[in-house]
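> Spelled out from the first residue to the last, the chains are:
Number of protein chains: 2
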Amino acid sequence: MQFHKSNVYFYPMIKVVVLGAGNVGTHLCRSLEANPEVLLLQNYNRKGESISDCNVEVTYNLANIAAADVYIVTYNDNALVEASEQLARLRGLVVHTSGATSINVFSTLKNYGVFYPVQSFKKELAVNFLEVPIAIEANTDSNKNILLNLAKSISNLTYQINSKQRSALHVSAVFANNFSNFMYTQSQNICKDYGIDFDILKPLIKETINKLDVSDPENIQTGPAIRKDSKTIERHKILLKKEAQKELYNTLTQAIQKYYEKEL
Amino acid sequence: MQFHKSNVYFYPMIKVVVLGAGNVGTHLCRSLEANPEVLLLQNYNRKGESISDCNVEVTYNLANIAAADVYIVTYNDNALVEASEQLARLRGLVVHTSGATSINVFSTLKNYGVFYPVQSFKKELAVNFLEVPIAIEANTDSNKNILLNLAKSISNLTYQINSKQRSALHVSAVFANNFSNFMYTQSQNICKDYGIDFDILKPLIKETINKLDVSDPENIQTGPAIRKDSKTIERHKILLKKEAQKELYNTLTQAIQKYYEKEL
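Line by line, the protein sequences give chains D and B.
Residue numbers for the first sequence follow the numbering used here, so the first one is 9 and each next one is one higher.
Residue numbers for the second sequence follow the numbering used here, so the first one is 9 and each next one is one higher.
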């Protein structure tokens, strides 16, 4: 649809309702309200709480939800099945924002999809949505185009991935975030055991991450494991004061060595 | 020492010779040359190669090494014992830059210590030395003061740690850098297995690291392991295509669960 008026084309703004007022819902409302290509009609949340730092109209009454092009459901994973029943009467495109949930949770609806911002959000912390990757999926090509336009209007990083890929992305993020964070915990504990300020390692940690912009992690692996520096490895194990630390050190050292022998 | 002239005090600049022209030696020369509190007299390296992006005088002849206050030896760990013999005739303070080597490698000298920049360097990549932590150690208090002044003249982040602590810092860095980098390799491989662009995860990885500035990693652990979300854990294991990935996933999931049960 486009309207012609003298020689300027006007595209109608895409009308959006956001459901849920948690971390994702709040940040989406703030970003969409400021977006000139989007008309943010409403936020629905059970308590009818207003959205902090956002003037969007709020309703707590499902019967009052406005007619929109896209409904973005930011509920917890467990609440999405129920949401599909609540929203059955809506005509627009209904999408969820969950990384862990299949598109099929909404398959009883006519128009449905996924609009997944790949970032962790906290209401209190500002987010630059232009740098938040958005992964979309939809039940038809035309719905996919709607979501792609919406995603591109708020982020420079848009991706199309299916539900299987999104599940795999979730496991992948467990390694990239949860497991690596646990390594930082171990690192800090070793520092504590020896009265060392963990801050001393932070510039080095940041440099390791910066390298990911220019190199694959596989190609920048360093340390005694990949060097097979058994003298250093033995010295390190003696320094570790807790049995579980030694076990982790052993397991990961062996896994690295096997990996680079191409056995993994 | 200070010289009085009318009512202005003049401190003599600290005279430094850097030995070695590798990554650390090159960056130290560049930083010290630009430092108004330091007089960089010379670089010694076996081949007499000039230092890129630095105009320091270079010698390949040990007999020609200039008389300095501090000699910074940036050789590989294995070459430090030999260096202590080569440098026995020098009167100044001789320090190495190795994170993995005890101060005692230089104990046959009169004045010795350690000047360890806690960062990974590449000649080709610019470094802002003000943000590189420098960990120092010396055989006497007055030598410690010399190193502390030198360190403070090039970096905002100076630390005093002994050789035992420096060894522990090295193990700690294995967890923080080598092991976490291996987690990124696994993460990227899972993405490859499912045709997902690894770039989609990089903003999330950076956010995890940014959180370390305001929170201890122990307090920001998330994911199915700490939630004991066994349904998600089982689904994840099915998605992992390689046996070694499943083993790592199991081991780390169990280690996280034990840790937060305070058994670690």
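Some hints here could point you the wrong way.
Since the list gives no way to pick out one identical chain from another, each pair is judged satisfied if it fits inside one copy or across any two copies.
Below, a list of computed lysine-lysine pairs in the DSSO-like style, where the Cα atoms sit at most 27 Å apart [claimed, not checked]:
| # | residue 1 | residue 2 |
| --- | --- | --- |
| 1 | K266 | K254 |
| 2 | K239 | K200 |
| 3 | K118 | K23 |
| 4 | K118 | K245 |
| 5 | K23 | K254 |
| 6 | K254 | K130 |
| 7 | K254 | K152 |
| 8 | K245 | K23 |
Honestly, the hints are just simulated from the structure, not real lab data.
> Each hint: holds or not?
Quick rundown of the hints versus the structure:
no., hint, verdict
1, K266 to K254, "both (18 Å within a copy, 14 Å between copies)"
2, K239 to K200, "within (24 Å within a copy, 35 Å between copies)"
3, K118 to K23, "within (18 Å within a copy, 78 Å between copies)"
4, K118 to K245, "neither (59 Å within a copy, 33 Å between copies)"
5, K23 to K254, "neither (56 Å within a copy, 44 Å between copies)"
6, K254 to K130, "neither (35 Å within a copy, 31 Å between copies)"
7, K254 to K152, "neither (49 Å within a copy, 34 Å between copies)"
8, K245 to K23, "neither (60 Å within a copy, 40 Å between copies)"
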